[in-house]
Amino acid sequence: MQPSRTATVSLSLFAAGSCIHPEGVIMQGAPMRPCTFPALVALIEHPEHGAILFDTGYSERFHQETATYPNRFYAQLTPVSFKSDESAVTQLAARGIPHERIKTVVLSHFHADHVGAVADFPEARYLYSRESYAAMRPLTGFSAVRAGFLRGLLPDDFETRSAHFEDLPSCDLGESYAPFNRGADLFGDQSVVAIPLPGHAVGHYGLMVQTDEGAVFLVADAVYKTQAFKEHRRPMGIARLIFADWQGYLDTLRRLHDFHQARPDVLIMPAHCQDAWEAWQARCKN
Numbered sequence: 241m242q243p244s245r246t247a248t249v250s251l252s253l254f255a256a257g258s259c260i261h262p263e264g265v266i267m268q269g270a271p272m273r274p275c276t277f278p279a280l281v282a283l284i285e286h287p288e289h290g291a292i293l294f295d296t297g298y299s300e301r302f303h304q305e306t307a308t309y310p311n312r313f314y315a316q317l318t319p320v321s322f323k324s325d326e327s328a329v330t331q332l333a334a335r336g337i338p339h340e341r342i343k344t345v346v347l348s349h350f351h352a353d354h355v356g357a358v359a360d361f362p363e364a365r366y367l368y369s370r371e372s373y374a375a376m377r378p379l380t381g382f383s384a385v386r387a388g389f390l391r392g393l394l395p396d397d398f399e400t401r402s403a404h405f406e407d408l409p410s411c412d413l414g415e416s417y418a419p420f421n422r423g424a425d426l427f428g429d430q431s432v433v434a435i436p437l438p439g440h441a442v443g444h445y446g447l448m449v450q451t452d453e454g455a456v457f458l459v460a461d462a463v464y465k466t467q468a469f470k471e472h473r474r475p476m477g478i479a480r481l482i483f484a485d486w487q488g489y490l491d492t493l494r495r496l497h498d499f500h501q502a503r504p505d506v507l508i509m510p511a512h513c514q515d516a517w518e519a520w521q522a523r524c525k526n
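With the working numbering as the guide, the letters of the sequence shown map in order to residues 241 to 526.
Simulated from the structure, these hints should not be mistaken for laboratory data.
For clarity, every value in this text was computed on a predicted model and none was experimentally measured.
Even glycine gets a Cβ: it sits at the ideal position worked out from N, Cα and C.
Possibly wrong hints are sitting among the right ones.
Derived BS3-like pairs: lysine-lysine, alpha-carbon spacing no greater than 27 angstroms straight-line [stated by the list, open to error]: (1) 525 <-> 323; (2) 525 <-> 470; (3) 343 <-> 323.
Pairwise CB distance ranges (calculated) [stated by the list, open to error]: (4) 412 <-> 470: 25 to 33 angstroms; (5) 318 <-> 515: 16 to 24 angstroms; (6) 428 <-> 341: 14 to 22 angstroms; (7) 470 <-> 288: 31 to 39 angstroms; (8) 319 <-> 476: 17 to 25 angstroms.
Generate the whole structure from the sequences, applying the supplied hints.
Shown next as structure tokens:
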């Protein structure tokens, strides 16, 4: 018997900077033109547990950390566009949410476009996969850059303020959410469930979020474009150089395609899809 859900949450999205990358690399058949990939941040507001973030986007620290080599290779590979008024903390303040109200920052993984602003939330705990950080923690120099990890983006007390998906109660959302029905229950009411989405990075997770308008699956970098999972279009083979587990990524892409076919009512939201971002903005205006 499935436990009844006791809550839904409100969900807002905003872009905290963006990067440029050839579209054809991340989706076969697409042109090799430069494409803008927004760094989306999710604000989730729970009726009892308050405001949390899923990823943080970029901050000025990214430019500071990539000013010299070897970190500069990161910025050259994916040129970043970021203005100070695009930071998560600034956009939250404009919504009337000071950084002190963010008590939890959930991290899908440790690439710079997802952890770029974690230091802007000194009162928050950080929630992520233990496996993900364990894979990044020992890396230095070019090895860290190749893995997309810039240690200087993390605050000095990062580890002491951390908690892990693996230590949370597990839950089963039911067969209608298969194969993404099992995960870590953030609040004990199945309103926000962390779901493993392997391939892009070690310990890569998304969030299944229950809102009054229906379920939204925040899939982070499990797929870059909505078109990719709808049409089951894999990246070019060269993209395997930047993925932790190429076969794992392809399997996750296939499962997202199958899930969308079975549950078109669930909105699948990648972290970097400009089309999905524009559709979300239009939906919020209606």
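Quick check: which numbered hints come out false for this structure? none
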